[in-house]
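Below, each chain spelled out in residue letters.
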Amino acid sequence: DVKVTQSSRYLVKRTGEKVFLECVQDMDHENMFWYRQDPGLGLRLIYFSYDVKMKEKGDIPEGYSVSREKKERFSLILESASTNQTSMYLCASRAGGYNEQFFGPGTRLTVL
Amino acid sequence: SQQGEEDPQALSIQEGENATMNCSYKTSINNLQWYRQNSGRGLVHLILIRSNEREKHSGRLRVTLDTSKKSSSLLITASRAADTASYFCALNSGGSNYKLTFGKGTLLTVNP
Numbered sequence: 001d002v003k004v005t006q007s008s009r010y011l012v013k014r015t016g017e018k019v020f021l022e023c024v025q026d027m028d029h030e031n032m033f034w035y036r037q038d039p040g041l042g043l044r045l046i047y048f049s050y051d052v053k054m055k056e057k058g059d060i061p062e063g064y065s066v067s068r069e070k071k072e073r074f075s076l077i078l079e080s081a082s083t084n085q086t087s088m089y090l091c092a093s094r095a096g097g098y099n100e101q102f103f104g105p106g107t108r109l110t111v112l
Numbered sequence: 113s114q115q116g117e118e119d120p121q122a123l124s125i126q127e128g129e130n131a132t133m134n135c136s137y138k139t140s141i142n143n144l145q146w147y148r149q150n151s152g153r154g155l156v157h158l159i160l161i162r163s164n165e166r167e168k169h170s171g172r173l174r175v176t177l178d179t180s181k182k183s184s185s186l187l188i189t190a191s192r193a194a195d196t197a198s199y200f201c202a203l204n205s206g207g208s209n210y211k212l213t214f215g216k217g218t219l220l221t222v223n224p
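These protein sequences, in sequence, are chains A and B.
Counting from 1, one number per residue, gives the positions in the first sequence under the working numbering.
Counting from 113, one number per residue, gives the positions in the second sequence under the working numbering.
Pulled out of the complex, with its shape left as it was, chain A reads as follows (with noise of 0.2 Å):
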C-alpha cells in the first residue's frame, strides 16, 4: 500500500515565522501535491510537482513555496507565516497520468 507521510499532525507557530512542511512517500509517485483545505472552501491546490525540482503553482500559490529535491520528499514552505494561513494542510502523491491521489493524514498548523 502506497503511504504518504507528514511531520507533523499539529503544529502551532507565530506569525512571521518561517513554517516547513514535509511530506514522505513511499511508493516512487512522479507527481506530488500540497492542498489547504477550509471550511466553506474545499480543498484548494497550493502547488504540484511532477518531477525532482519541478514545480508548478496551484490556484492559491502566494505566500507559500516548495522544494523537491528527491523524489520521495516534497516540502511546503510559509516564508512568513500569518494568521490567514491557520489551516488543514494536506499533501498527496501520484504515479502519473489521470490515476489517483493518495493523500497523508493532513496538518493542522495554526499560526497565532
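Any given hint might turn out to be false.
Below, in silico cross-link-like pairs of lysine-lysine (DSS-like), each with a Cα-Cα straight-line distance of 30 Å or less [to be verified]: (1) A:K53 - A:K18; (2) B:K211 - A:K57; (3) A:K53 - B:K211; (4) B:K168 - B:K182; (5) B:K216 - B:K168; (6) A:K3 - A:K13; (7) A:K3 - B:K168; (8) B:K182 - B:K138; (9) B:K211 - A:K71; (10) B:K138 - A:K57; (11) B:K182 - A:K57; (12) A:K53 - A:K3; (13) A:K13 - B:K216; (14) B:K138 - A:K55.
Incomplete in silico selection of chain A near chain B, CB under 10 Å [said to hold, decoys possible]: (15) Q37; (16) D59; (17) N99.
What the hints contain is simulated information worked out from the structure, not anything from laboratory work.
Virtual Cβ for every residue (Gly too), placed ideally from N, Cα, C.
Keeping the supplied structure of chain A fixed, place chain B upon it in accordance with the hints.
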C-alpha cells in the same frame, strides 16, 4: 477551473439504509473520482470512473456517470456507522492532466 458541486451538503440516515450523493459539473472531464474523509484526517480514494464509463462498483459502493447531464452519483448500500464521513467528488478535466479539482463535499452521518 471548474469545481464539482456535491448534493446534498449533508445527509443523515440510519444504519442499513442506502445513501446517495450526487456531483454535478460544467465542462468536459477525463475522469471523475470519489474520495472519503473521516473527521480531521486525510482523504482516501474510493473510485475512479473514466469519461467513457457509465458505472463502476467496488464492494458496497456504486458510482454512475452521465456525461450528457454532467453528473455523477455515489451510492453506498447497507450503510454502517463507520461510513460516517465527508465524501468528495474530484474532477480531472481539460488538458491539464495533473489537476484534480475537488468539490466541497457531502457530510454523511450514519446513525446506529
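We went through each hint and held it up to the structure:
With a C-alpha separation of about 21 Å, the suggested pairing of K53 (chain A) with K18 (chain A) holds against the 30 Å cut-off. Simply put, K211 (chain B) and K57 (chain A) have alpha-carbon atoms about 11 Å apart, close enough for the 30 Å limit, and the pair holds. Using a Cα cut-off of 30 Å, the hinted pair K53 (chain A) and K211 (chain B) holds, with the two alpha carbons roughly 18 Å apart. Proposed proximity of K168 (chain B) and K182 (chain B) is supported: the alpha carbons are some 16 Å apart, at most 30 Å.
Between the alpha carbons of K216 (chain B) and K168 (chain B) the distance comes to roughly 22 Å, so the proposed pair stays at or under 30 Å and holds. At roughly 27 Å between alpha-carbon atoms, K3 (chain A) and K13 (chain A) fall within 30 Å of each other, so this suggested pair holds. A threshold of 30 Å between alpha carbons decides the hint, and for K3 (chain A) with K168 (chain B) the separation of about 25 Å falls inside it, so the pair holds. Simply put, K182 (chain B) and K138 (chain B) have alpha-carbon atoms about 6 Å apart, close enough for the 30 Å limit, and the pair holds.
Between the alpha carbons of K211 (chain B) and K71 (chain A) the distance comes to roughly 19 Å, so the proposed pair stays at or under 30 Å and holds. For the hint pairing K138 (chain B) with K57 (chain A), the CA-to-CA distance comes to about 23 Å; that is within 30 Å, so the pair holds. Between K182 (chain B) and K57 (chain A), the direct Cα distance comes to roughly 28 Å. Compliance with the 30 Å bound is thereby established for this hinted pair. Annotation: proposed proximity of K53 (chain A) to K3 (chain A) holds, straight-line Cα distance about 21 Å (limit 30 Å).
With a CA separation close to 27 Å, the supplied pair K13 (chain A) and K216 (chain B) stays within the 30 Å bound. With a C-alpha separation of about 28 Å, the suggested pairing of K138 (chain B) with K55 (chain A) holds against the 30 Å cut-off. The interface hint given for Q37 (chain A) holds, since its Cβ lies 9 Å from the closest Cβ of chain B, which is under the 10 Å cut-off. A least Cβ separation of about 7 Å between D59 (chain A) and chain B falls short of the 10 Å threshold, and the interface hint therefore holds.
Given the 10 Å rule on beta carbons, the hint for N99 (chain A) holds: about 7 Å separates it from the nearest Cβ of chain B.
Checked against the numbered hints above, the structure violates none of them.
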